[in-house]
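K.L.:
Here is what each chain is made of, one letter per residue.
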Amino acid sequence: MGDRKAVLISAVIFVIFIALTAITGYLQIKMIVKNIEGQLENEGELVFNHLKREIDINLEYLNLLEEVPTVITPKFLSIMVYDDAIIDELYSYLKEIKDLRKEEIPLSNFIIVDEKGEVQAKRGEVSIDGSQITSFLTKKEGTFIRLPSKKNLLTIGVKLNGSTIFFSIDDRELASLRKRLTIKEIIDNEGRRLNVMGINLYDERGAPYLPLIARPPKDAHTLKKRLNSKYLPDFTIEIFLSKRFALDLTKRMAVNFVFILAGLSLSGSICTYIIFFLVRRHERKLREFEKEFETKERLVSLGRLASGMAHEIKNPLNAIGISIQRLKREFVPGDGKENEYLQFIDIIRGEISRIDRIVEEFLLSTKAHLPFTVENVGEILEEVRLVLSEKASEKGLSIKNNTERQVMVLCQRDRIKQVFYNIILNGIEVMDTPGGVIDISYAVKDGEVHIAIKDLGPGIKREDIPRIFEYYYTTKHKGMGLGLPISYMIVKDHGGDIRVHSEEGKGSTFIITLPIKKI
Amino acid sequence: MKKVYLFFILLTCLTSPLLAQDSYEDFERGLNLSGPQRAKIEDIKKKYMAEWKTINREIMGKRMELRDLYRNPNQSGERIERLHREIFELESLREDLFGRYKAELSKVLDEKQKERYNDFSNAEKRRGMSPMGIRRYGR
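Protein chains in written order, with numbering that gives the first Met the number 0: chain A, 0 to 518; chain B, 0 to 138.
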């Protein structure tokens, strides 16, 4: 339950953190987009002002041209030679029209004839007679030109896809075309020069003044406002500025942000998991420590009690022992029950010895105050081996000590000796196969000596392993359940540890870890 | 971001000289022509204007003819060459006329007025604002 709560709290905090980061990032991107749009607006204003001024200056010249100013400047001279450009532009426009229709022709006076000279469409008056038309149609030339004179207007004929158009232009229409073309040129050139996507100009009625040169592009920022020009008073201009840069920037920022968010989410998840894992491990260790501490406390208090009791028990035991010896030696009955008597005496002596040994163990296990000395582990193990070899050989077993290398540890010699004694003795007691070997070895690693005592007994059941160091827990018929908990307590007092690897039917290995004394 | 900065720098560079230039009206007003000066200049203008218009129309006719030739697949190289030469001669004549006009004009203007005229003419050229006078034949 606690774990779930911890996970939930971590997850909620993490989600809040990610949500806040996402909101901050989103607002940040929005702010940048707004700034970019503001910048585009300014850019549009600059382009607008520039175009307005350019149109004003050029139209001023055109207006003055009709009256011819007092002083002729080079500019006026160039405007005067501009008419051929206007006619050329008109020619290009007419050539682009696939099907010549009356309403598409931006002229006041024109006539369209077919190859035979039959009139197909007409508007206004064209100062050309039938004979001139017929004459031109029979010729190879593609263009008919009659320059203006006192009697006639400028008249031009152009052959276009099977039809021929003749048009006359007076000074007024020429001026209008000149104006239109001048503005078109300004818009084309300046638009290109200032890297604008497109510019449209609308007249006072809102109709396109020029053919719509730019449809609203997809990724464009549009600035539409009244031109307020002195010469085009109620005209409106529409400027399309590329938003591609802004969109690219926004897209890149969004992608980067998503990556950052993903990175944060991933690292956050990993961190949360690590923290959760560490907390769990810490809690587990804490629980283990508490349990160990509790066991130790229990053992210590038990030890104190045992110590007191041991002293109390030992004295009567001595008296009983001496009395038993006297009974055996001096008070043997003579009524044919001697043997039975002596048998009982031996049983009593044996049990007294057992009680004495238990008391001794208790006394030793609680002697935490004994002085620490630097000892060679191999020597202690060899001593234990010698003590227990006879017991092992009684069952046809042997103990093999492979600890030749000298490893020094700071320890309470007698207590550590008891640990080894208990574990090896356990091994002897659980092994029933003659010829079996109890193997003792050790390895040094990371400033610790790992002593392995391996028996070939029946092994410990998996479910029993966690309980073997518990007080009074035993699987042996005659076991007291004291040896391993006492050994465990002694090893822990030395800053070490005992672990067991056991496989049912194959034996067990006890690994005692002790810190090495550096000399 | 570099593009944006570059755009603004260019725009500033391009628009600054424009903003500094007077309009034609301001220029003419700034000349402060006296009555007799104005009358003399009008006479000079009339003298040249008719000739300019005639030359311009001739040039226009020849250019259209030239354009027609260029669009004709069976064009005559000799004729095109001749037309080019004629247009060039007419343009030179027009330039000469303008040179003569300026010479006569400078006799009427005082030093300050001449300086103003030259400055304004140079500003017009420097601006390069005009789409006018673009040669369109032979495209």
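Don't take every hint at face value.
[Stated by the list, open to error] Cut-off 27 Å, straight-line C-alpha distance, at most; resulting in silico cross-link-like pairs (DSSO-like, lysine-lysine):
#1 B/Lys52 with A/Lys149
#2 B/Lys124 with A/Lys51
#3 A/Lys229 with B/Lys61
#4 B/Lys111 with A/Lys178
#5 A/Lys183 with B/Lys124
#6 A/Lys178 with B/Lys61
#7 A/Lys150 with B/Lys45
#8 B/Lys61 with A/Lys138
#9 B/Lys44 with A/Lys183
#10 B/Lys61 with A/Lys149
#11 A/Lys178 with B/Lys124
#12 B/Lys113 with A/Lys178
#13 A/Lys94 with B/Lys124
[Unchecked claim] A few chain B residues that don't get close to chain A, going by computed Cβ distances all over 12 Å:
#14 Gly60
#15 Arg70
#16 His83
To be clear, the hints were calculated from the coordinates, so they are not data collected in a lab.
Glycine is no exception: its CB is placed at the ideal position from the N, C-alpha and C atoms.
K.L.:
Now tell me if each hint is right for this structure.
P.N.:
Hints and how they fare:
| no. | hint | result |
| --- | --- | --- |
| 1 | B/Lys52 with A/Lys149 | holds (13 Å) |
| 2 | B/Lys124 with A/Lys51 | holds (20 Å) |
| 3 | A/Lys229 with B/Lys61 | violated (36 Å) |
| 4 | B/Lys111 with A/Lys178 | violated (33 Å) |
| 5 | A/Lys183 with B/Lys124 | holds (20 Å) |
| 6 | A/Lys178 with B/Lys61 | holds (23 Å) |
| 7 | A/Lys150 with B/Lys45 | holds (22 Å) |
| 8 | B/Lys61 with A/Lys138 | holds (18 Å) |
| 9 | B/Lys44 with A/Lys183 | violated (30 Å) |
| 10 | B/Lys61 with A/Lys149 | holds (20 Å) |
| 11 | A/Lys178 with B/Lys124 | holds (20 Å) |
| 12 | B/Lys113 with A/Lys178 | violated (30 Å) |
| 13 | A/Lys94 with B/Lys124 | violated (33 Å) |
| 14 | Gly60 | violated (5 Å) |
| 15 | Arg70 | violated (6 Å) |
| 16 | His83 | holds (14 Å) |
Consistency note: the structure conflicts with the earlier hints numbered 3, 4, 9, 12, 13, 14 and 15.
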